[in-house]
Every structure is written in C-alpha cells, then in structure tokens.
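Residues per chain, in single letters:
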Amino acid sequence: DGGITQSPKYLFRKEGQNVTLSCEQNLNHDAMYWYRQDPGQGLRLIYYSQIVNDFQKGDIAEGYSVSREKKESFPLTVTSAQKNPTAFYLCASHLSSYNSPLHFGNGTRLTVT
Amino acid sequence: DQQVKQNSPSLSVQEGRISILNCDYTNSMFDYFLWYKKYPAEGPTFLISISSIKDKNEDGRFTVFLNKSAKHLSLHIVPSQPGDSAVYFCAASLPSGGSNYKLTFGKGTLLTVNP
Numbered sequence: 560d561g562g563i564t565q566s567p568k569y570l571f572r573k574e575g576q577n578v579t580l581s582c583e584q585n586l587n588h589d590a591m592y593w594y595r596q597d598p599g600q601g602l603r604l605i606y607y608s609q610i611v612n613d614f615q616k617g618d619i620a621e622g623y624s625v626s627r628e629k630k631e632s633f634p635l636t637v638t639s640a641q642k643n644p645t646a647f648y649l650c651a652s653h654l655s656s657y658n659s660p661l662h663f664g665n666g667t668r669l670t671v672t
Numbered sequence: 016d017q018q019v020k021q022n023s024p025s026l027s028v029q030e031g032r033i034s035i036l037n038c039d040y041t042n043s044m045f046d047y048f049l050w051y052k053k054y055p056a057e058g059p060t061f062l063i064s065i066s067s068i069k070d071k072n073e074d075g076r077f078t079v080f081l082n083k084s085a086k087h088l089s090l091h092i093v094p095s096q097p098g099d100s101a102v103y104f105c106a107a108s109l110p111s112g113g114s115n116y117k118l119t120f121g122k123g124t125l126l127t128v129n130p
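Chains as they are written, first to last, in the numbering used here: chain A, 560 to 672; chain B, 16 to 130.
Mixed in with the good hints there might be a few duds.
[To be verified] Sample of chain B residues at the chain A side, in silico, Cβ under 10 Å:
(1) 37
(2) 60
(3) 118
For the record, the hints were derived by calculation from the structure and aren't laboratory data.
Beta carbons are placed, not taken as given, at the ideal position from N, Cα and C, and that holds for glycine.
Here chain A stands alone, though its shape is the one from the complex (with noise of 0.2 Å):
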C-alpha cells in the first residue's frame, strides 16, 4: 500500500532543543517537499527537493535544515534558531511529470515550549 509516512504524530520538545521529523514515501515519487501549517495561515513552504542529494530553500527556511540521501527519503531538522517552532508540519512528494498534484503524508504536530 503506497503512501507517505510521517512520523511521529505527535511530538514535544524543549525550547532550545533540535528536533528531526521523519518522511518516507514508497510511491516511487522523485519529489518531496516541507510544509508547515498554522491556524489561519494555510500552507508555507519550507524546503523542497527534486532529486537525491539536492534541495532548495521554500518561502520560510530559516531555522530549519533538511537532507535528502535516498529518494525515499526526507527528513527535517526543526532546529533551535526557528523562532515560532510549533505548528502542523506536512510531507508531501510527486512525480516529477508536468503538473502531477503532491500528495501529502498525514502531519506531525510539533509543540515546544
């Protein structure tokens, strides 16, 4: 059964600490991607990555940092320079033809206090 797997589901940090979100997909997709969610917000980009060992900067990268070794995979380090680090974080990948939609893993709710 394909499909994109974050996890944990929920997961709870100190200010100050770094902490890594699991992405992994087997749908054979080249592309992944970071969202984050707040309320009100909507959908912001983080970072993206179109091939293995490469990836580019989205909209709000500051103080988060990703790596993508494996297509499968692409995890995301929430570091202690993010200023606002809690919030709804998204996975999403796709093929890398013209226009394919993303298709999203279920989230990770990151809360530090």
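Given the structure of chain A, go ahead and fit chain B onto it with the hints provided.
Chain B in isolation, oriented as in the chain A frame:
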C-alpha cells in the same frame, strides 16, 4: 505578498445545496490550479485540478471553473454532503516542466455542510 487568496475563511451550506468556494490569484504566470480538501490533524488530499488552457473541469460532484481574465477560480460542490465538511485549499503553480515545481497555497476556507 499573498499570491493566492481565499477571502472567505468559512462557509456554511445546507445538505443537498450547492457549495461555492472562491479563490483569487495575483500572479498571471500561474498555469495550473488545484483544490485540496483537509480534515483536522490529517494531510490534505487532492480533489481536482485545472490547467490554464481550460475554463472548466468536472469530476463527479466537483467542478472547478477558471476565469483567467479575472484571475479567479471557484470550486462548486453539488450536491453538498455532510462528509464534505472540511477545510478547502486552493493552490497554484508556475510553469515548470517538472523541475522546480512547487505549489503556492491559499489560507483555506472551512466548509460546514449542515444536515
């Protein structure tokens, strides 16, 4: 600068009636538009899309209309069902040919369908 705008944060309709969700965009270079549906604590799911070369696309109860001159698109749901109650996001992309493809989302509209 918000390039994709959904000006109605919420919409309430009666079951069986039509739901119309609206979306405006400012970047005339956008050439592909999508609607996603999202339940709380879940990821968005793709509903329907439209290319800028068309003005209408239909899939079952869902129809998307595109008015390029007005930079406006709308999603019609007929008939509306209680299970349609969710947040609906409009999204747009620039021509990319597959590379550098990314979606710009609106802030969403919460649709409530009352039995």
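Quick rundown of the hints versus the structure:
1. 37: Since chain A brings no Cβ nearer than about 15 Å to residue 37 (chain B), farther than 10 Å, the hint is violated.
2. 60: 7 Å, holds
3. 118: 6 Å, holds
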